[in-house]
Structures are given as C-alpha cells and as structure tokens.
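Peer 1: What follows is the residue order along each chain.
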Amino acid sequence: MSNVPADLKYTKSHEWLRVLPDGSLEIGITDHAQHALGDLVFVEVPEAGRTLSAGEACAVVESVKAASDVYAPLAGQVSAGNPQLTAEPQLVNTDPYGAGWLMRLKPAAGALAGAELLSPAAYQEFVLAEGG
Amino acid sequence: MTHEPVIFEYSASGRGAQDQWPAAEEPAVLEDLPRELRRAQPPALPEVSELETVRHFTRLSQLNFSIDTHFYPLGSCTMKYNPKACNQYAMLPQFLARHPLAPESHGQGVLGCLFELQEMLKEVTGMQGVALSPMAGAHGEFAGVAMIRAYHRARGDLERNEIIVPEAAHGTNPATATMCGCVVREIPVDAQGDVDLEALRAAVGAQTAGIMLTNPSTLGVFERRIESVARIVHEAGGLLYYDGANLNAILGKVRPGDMGFDVIHMNLHKTFSTPHGGGGPGAGAVGVGTRLLPFLPVPLVGREGERYRWLTESDLPHSIGRLSAFMGNTGVLLRAYIYMRLLGREGMQRVGEFATLNANYLLRRLQHAGFDAAYPQRRASHEFIVTLKRQARELNVTAMDFAKRLLDYGFHAPTTYFPLLVPECLLIEPTETETREVLDAFVTAMSQIQQEAEQEPGRVTSAPHTMPVRRLDDVRAARQLDLTWKPKAPP
Amino acid sequence: MAFIPHTAADVEAMLGAIGVGSIEELFDEIPEKLRIGSLAGVPPALNEQQVGRLMSERARADGTLLNFIGAGAYEHHIPAAVWAITTRGEFYSAYTPYQAEASQGTLQLIYEFQSMMARLTGMHVANASLYDGASATAEACLMAVRANRKSRAARILVPSTLHPHYRRVALNTTHNQGLQFEELPYEAAGGVLSVARLARYAGTDVTALVIAQPNFFGCLEDVDALTDFAHAHNMLVIAVVNPTTLALLKPPGEWGQRGADIAVGEGQPLGVPLSSGGPYFGFMTARQEHVRQMPGRIVGRTLDVAGKSGFTLTLQAREQHIRRAKATSNICTNQGLLVTAATIYMALMGPQGLARVAAAAHARTRELVSALTRLPGVRSAFAGPHFHEAVLLLDRPVAPVLQGLAARGIAGGLDLAAFYPELGPALLVCATETKTQDDLERYRTCLGELMQAARAA
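Protein chains in written order, with the working numbering: chain G, 1 to 132; chain V, 1 to 491; chain H, 1 to 457.
It should be emphasised that the hints constitute simulated quantities derived from the structure, not laboratory data. Note that the Cβ used here is the ideal one computed from N, Cα and C, for glycine as well. Treat the hints with care, as some may be off.
Unchecked claim - What follows is a list of derived Cβ distance ranges for each label pair: (1) G:Thr-94 <-> V:Pro-423: 25 to 31 Å; (2) H:Ala-383 <-> V:Pro-490: 45 to 51 Å; (3) V:Lys-486 <-> H:Arg-442: 47 to 53 Å; (4) G:Ala-87 <-> V:Gln-377: 49 to 55 Å; (5) V:Gly-171 <-> G:Lys-106: 35 to 41 Å; (6) H:Ala-80 <-> V:Asp-190: 56 to 62 Å; (7) H:His-77 <-> V:His-234: 51 to 57 Å; (8) H:Glu-449 <-> V:Ser-105: 15 to 21 Å; (9) H:Pro-397 <-> V:Ala-24: 36 to 42 Å; (10) G:Pro-83 <-> V:Glu-235: 56 to 62 Å.
Unchecked claim - The calculated lysine-lysine pairs, modelled on DSS-like cross-linking and capped at a C-alpha distance of 30 Å, are: (11) V:Lys-488 <-> H:Lys-250; (12) G:Lys-65 <-> H:Lys-308; (13) H:Lys-150 <-> G:Lys-65; (14) V:Lys-389 <-> G:Lys-65.
Said to hold, decoys possible - Some but not every residue of chain H turned toward chain V, in silico, with C-beta under 8 Å: (15) Ala-45; (16) Gly-52; (17) Met-55; (18) Arg-58; (19) Thr-87; (20) Ser-93; (21) Glu-101; (22) Thr-106; (23) Met-346; (24) Leu-348.
Between the sequences and the hints, there should be enough to build the whole structure, so can you do that?
Peer 2: See the structure below:
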C-alpha cells in the first residue's frame, strides 16, 4: 500500500495538492503513480506565468516504460515549475510529496472551492478499486 | 571478443580507403559556388583504411544473434530462414542499377515480377486488389485505415470516425487509428482469448468506421467466431481490417478475404521471409476487397495486353495517394517474389501446416516440462503464450530473467511482456523452418533454467553471464543521453 | 521446398507427442467452410536452379541504360566491401535489437551511424532512420508541430521546388491530422525562393518553413536569409538535403544565425543501389532541445551492471506516447540493413572521399550541361549556381526525345512536363562521378542526332 499523507488532497488522475501558507498550491504526483511509472528519466514542468484551466495537460513525467501527462487539478496561474527536476527527475520517485513537487499554482478565484478533489481516504479507496 | 571500439577511435588524419575515391577535381571546378554556401570545415567523419573498416564491421557482426546463427523464437515476428537465393537473385546487377524513374520500356522484367507478386498475394489472401508500395507493417496499417476513412467519406458517411480495437492488439493499431484522425474504442477479449461478442455488439453503431483484428490473434489463438464478428461489424456499416502479422499460421489453409475482411496488410518481412536486417527494411503490402479497390495507394503495377506499366493518380483518381518517394521497397518485393516462386502452391500450403505443427509440439513439450500455457484449452496457432507468473510469485524469477538466461544457453529469447494482457508472458513462435532437435534443445534449456530458478535463482536473475555485455542500465541511458560519439576531452 | 526440414518420422513422432493423428487435426478450431482446398492461382514450385534462370532472364530483358537521371535517387560507385559485409547473416538475418545483450553489433553500428549523420548535417542528434526521404519530410512536419510551442496553427510553408513526390507524401500522410501546407512559388529567373516574397507571412502564425538544398531543380537557395527570416518569425526550419552534397555545402546546422531545427533527406546516395526505387532510408537529425520530439528509434550508450560500456534502444516511451492535443506518428521501424550499408560506406569514403564524390558530381554535371547546351535547341533553364543537377529547356517536347535516347541505351533524365508545365519542355539531368568523358560525349552525340532528325522531319 502506497504512502498517502493525511494533510493533502488528491485527484483521480493521481495528482496531490498542498495548500501553502500564502494561499498558493503545490502540486505533484502520488507515490502510487511514481511507483507505477518506475524510475523517471525525464520531467517537463510548465513555465511560470502560464495560465491553466482545470483538467489541462500541463506537465509530462517520462520513465523507461511510459510517458504520462499530468493534469492541472483546477484553474490558475503557474507561479513556478520545480527547477531541480531537469537534472534530477528521480526526486519524484524518492520524495514525491516533498522535493519531487512539480509546480506551484495561484488558483483562480473560487477554483479551489469548486474543484473535484478527494480526501486521503477517498483516494486510497479509489486506488484499491482501480486494482492498485 | 568482448570489446570493439567505436569506429571514430580508429581514426587517423589522412587515412582513408583511397581505392574507393574518384580522382580529385581541379579546385577551380567549385569556383561557381558562392563562398557563403560552402562548408568551412570538412565533415568530421572517421578517417580509416579499408581493412580497418572491414575488420571493425565484421567484428561488430559477430556480436549479434541472428537467424543464421541462433534459434530465434520471437513471437509475432516470424523468424524463419531467409533463403540466400532470394538475396542473390534480387541483387542481380540489372535490378540494382535501374533508376526508379527509368523508362518502363526498359523495366518489363522487374515490372513483370512485381505484377506477378501482386497476383500471387491476391490469391493467397483471397483479396481483389493488392498494392505493394507501403514500406513497413505500420505503413501498411496506415494505408489500410486511410482507405477505410476514404471509403466512408466518399459515401458522405462523415460521422464514421471510430475504430474498434481488441484490448490485446499491438500498439501500432491504436496509434495508426489516431494518426488517421480516428477515435479508438477498445473492447475486451474473453477468458478463452476470443473477442467478446456482447461487448462488440454494444460498441458498434453509426459512428463505427471499422474494426482492426489479427487472426490468429496476438494471444496465439484463432478467433473462432470470426464470421459473427464480421457480420456484426458489417451490419453496423463498418469495415474489417486484418493485421497480417500472424499470416504465417494460416498461409495456405485459410484466407482473410474468405473470413470477411475488407482490407489487410501483409508483413512481407515475416510471412514471406524477406530479411529483418537488424530492424528493416520491411514491406507492408496491402490487399483490398472490391469496395476499397478505388482507394489503393499508388503506384501499383497494371497490365495492358503484354505490357506492364505503373498505375498512378490519373488511373486511380480516388486513391489515398502516394505514400513513398518512389514505388516502395522494390528490392524487398523482389525477394518476396523469389520466395513465393520457390515455394509454389505446394510449398505455401505446407507453411501454415508445419508452422502450426512446430508450435503445438513445442507447446506440448513445454507443458510436459511443467510450464503453464496461458490458454491450455486451446490449440496453438503458429505461436503460443507461456506464462511465468507462478515462477514470479513463488521464486521471484520473472519472464525477463528467463529471457536473459536463455541467451547464455545460445537461444534468442521469445517475445516478452507482449501481449500486455497476460502477466509474465513469453510469446513463442518457432516457425516451420526449425527441426525437432532444435525445439527439443530449447525445452531442455527452459527446464534447466527452471531448475536453476528453484535452486540457485541468483544465476537466473543476474543473467546473462556470457554475452558481450551484461544487463544494461536503461534508466541511465534515458537520463544521461549519450546518442552520438564525442572525443574524450584532453586531460 | 518451403525450407521445411521435417521427415515423415519427425512428423509421426511430433504428432504422437501432441496426441493427435494428423496435422489437419491441429486446425480443428477453424470452421470447416473457411478452409481452402488449394491455391490454384499460384504457379507450381520452382527449384533454385529454375528460379535463378527465370530471374536472370528477366534481368537480362531489362538490361542497363546509361543513367543520367537524378530526381531524388543518385547513382554512385558503391565499394564492394559495403554489401559484402551488409549481407553477412549476422546483420542480414538479425531482428530489431530489443534484447540488447544479443544485439551489440547492430546497436553499436546504429550509434556510429547516428554520430556520422549528426556530424554530416551539423546537428546535435540523429535517429536510427525512417522509411525514405519523403516520409522523413512528413515526419519532420509532424515533429515541428509538436516542438513549436509558440505556434497553434499547424501551418507549414513548403517550396514548390521541394521534390513533387515529397510534397504529395507529406500531404497524404498528415492531412488527417489537420496539418496545412502552403506552397511557395519559385522565382522564374533563378529557380529559387525569394526571401522578399516571404514577407507576407510576417505577423501570421506559421509553424515551420521547409527549405530544400539543393532544390529539386539543382538550384542553390539562400539558406542563411531564409533561415533567419523563419526564426525571426517564430517558425522552425526543416532542411531537406542530399547527404553527398553536405561534404562540400554548408550543413543545415550552420544555416543562418541559429541553424536549422530539423534536417531530413534521402540517405540512398550513401552506399545504397538505385534498385528501382527501394529499399532506401530517410535520415533525420535535429537540435538537442528537440530530441524528445523525434520519432523513430534511437540508440544510446550506457553502462551494464558490471560497469562496462554498452548500447541500447532508448527514449522508447516517446514511441507509444500519444499526446492528444498534438500530432502523432505510428512509425516503429527503421531501415536497418540500409543504415548498415550507409555506415560502412561513410567509413570507407571518409570526409575526403565524400568531398571528391561531390566535386566530381558537380564537375560532370557542369560538363554535361555545357556540352548539351552547345546543341541547337537546348538551353539552361535557370541562371545562378546549381549543384549536382540542372534543368535544360528544349525546343520540342521532351518525351519523344527521351524515348529516342532510351532506344540508344541512354536514360537521359526526367521529363518535367507533369510537374512543372509552366517551364515548357524541360528536362532534369544529373551526372555523377560514375560518368566518364566518353559517356558525356555519347549523350551529346545521340541527343544531337535525335534533335537534328526531329528538325528535319
């Protein structure tokens, strides 16, 4: 059973969200997702300033087996992509909820309240039901 | 031999195979070329002598497994013997020297071979028309799906853009559909390996352009209800596409046209024994039923009385058009033609029979040796699947480990981890050109590896031990890209 | 027959092991009415002696014309070592190198090929080849759409002086994915593109500009100005080039300020015989930042578990990766055998040998043009520098002239009537290092006689 921290929110496409003190959001992929992909060889994150709509493909995580799109859980503007991932994509494997964060997002007004997010328990159930 | 340097490491300034070079021209010859369009430095190609070159590439060849040296039971690839005669006669000097745009009046020999190849392929597949220009299986797939789209469009059926694909299909199938602007809909196969007819009935409708199928399927078994599948799809207004990757199983026994398929591609580098060449060139000839004849890709060979000529866009105004710079892989097509003339009608009937005999024999012997077949109740076609999920669970030894250890025993591994449906699978295709002794030796090797897996698993999980390299770090290869040679920086 | 080694004893033993009485029983899952009785439409088997004779007769019937056609396929001397080694069974009958430990020969060869092609084109990375130059051009257009983040339009500018077949193939391969091509006209005097005329595209969304060098007419484009214009307007540059000419001409990686983004072309001139149009191979090279958008196979160098250097297919996740918003490709092969031949050819020729071949082709073509335009009724179509090929204008239809030349054993060139009717009677000719002064003289004499006879008639 993969690691699912209690203080985060989750999506059905295996992203996690952390609300930062200044109200912006930190986003990455879950432990379950990094495990399924295997050792990451390349990560592409969006540039700061880019505007995203909910559900928009905004990043790519690539392993030897597969390359997957990562989707914006809600609308907002990118304030930063994690610069360390160019040289060290494996941070997503070793520390998916910490140093392996993908991007930081300033949510659009009302976007967080209206987003379809799962609680840790609901995400765990979802993963089990998927057969993970 | 364990290490052969990269050819650049032999390079020495001023060296070269001078006997191969034309005489030098006067420098003045290049004066009419503007300076700003000229290259400032010569290209940094290696400078090596002829013997160094011959020795280097000969040594490289000796690092390979090949059909000529090893049993190569790669499922879905049909690694049968490539007859030397096919190469020798396809490479007669007149065939090699002919320019693609040379006058047809001086090409009736080669055009005759290509026309007869078209006719023979029609006969063995039960189709009404054949085009030879697609240059690979995936290229033929593209042509096939493009023809299906063109057919519906020509009838004003613009909303038909969905292609149905069984979940066990080869990855190129959905990729081809997407490339043709279609949407892919996957349907499941049942526990026996046949397409789920209920799921199919639910999936077809006014949006269905067609279905892409392989028969026998990628699971190594014959789609027993193929006639029902054909009826369901045709009644809904869709067409049937046949992926010819497994044609070797049924060559001479069953014809895709008789099964109801409207369009097929054939892999001439599989069933018709043209060389795999380390990754190509292939040839993906396409065949069609009457409905799709107007849409065939050009050029193809036509006959008027005693004369052959190329048919082009003006002869086929509804063609999906030209897909290659010239006429496709003519040299490959000549090899397929020679192969089919060597086999003749009698030989082609035996191909399906003996490919199936060898596969069923090998399956039965492996089962007696304790290995698990994925579909034990079914006949093998020309290939079958063995699953090693029990070994993975009980011994922590995977299909990948078995594959690597087989290399030490002098066998190229079967196809691994395809189809994705069956966990820890080996897809095994012996082909008809192997002797019983070779098949028995393969079974012996598999049994020995099983014993090692039980008694000394480390030997298997760290295999291969005797190859020029051990297991390679794929992750490092993709993270630290080293795709071209660079000289070492001086210390 | 069919290379099946089984004896009757083998068959009996094997059927016994399986537990069936006959081979036919193994097909009992197949509905009876689908089984065919015989393949009456296929001729009976021939043995190797008979096939050899049949093929020799057909080859003799075709004979060999003295070749002056270029138009995308070029006759060059191919050293004997190239195909002696390429047809070794270990190369010829090997599969795609998926089991890397058993395929180090093929993999290292492809790595060396990638290295040579990158250097020849002045670019950073190369793939393991594509089907041919035309499909490589189509793939480059799809790649440019993926790679050009600043462009939403999927709009490609293509010169009308790009090989006509390449333009057709690009269109037929990509139109289902919404790519749009706009053709750029050539200047009548020089047979090349005008940078000034491109100004109308400034401020519009164009994804890429295709530049052929030399172009189909053999004329030389102003590649620096064209490249700089494209980059100044957020277009990627796709270069379509002949590899032999790159021994002497500035390679795409050095065009303009930044260099071309993608370079493709037909690799056939590098050690592959004309063989009626195939098999050939397309090459593709690119700048480093585009490597993840490159289609096809790529070989990388890495280490094995013992720390030893080895080669493997890499970046394979791209091949199945389908980005819904962007164009895709289904290609999953390369032209392995031809790449083998080309790598050996490039090693034998080296930079000096290849430069000599290019210079000789230039010289012989110039001499041919010079000799033929001395005949009444023959003149050059275009002013300005050309390389390796040239267009001649005749004072009468070309087709009967070519027929007459063929009857005299000469393939005189390509009639351009079907492709560029605006030129009037036009003939594309090419002479490479394979042509001697006697060959050129024979062409001149025959053409002179034909034109004179036609005039008299």
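Peer 1: Would you list, in rising numerical order, the hints stated earlier that this structure does not obey?
Peer 2: none
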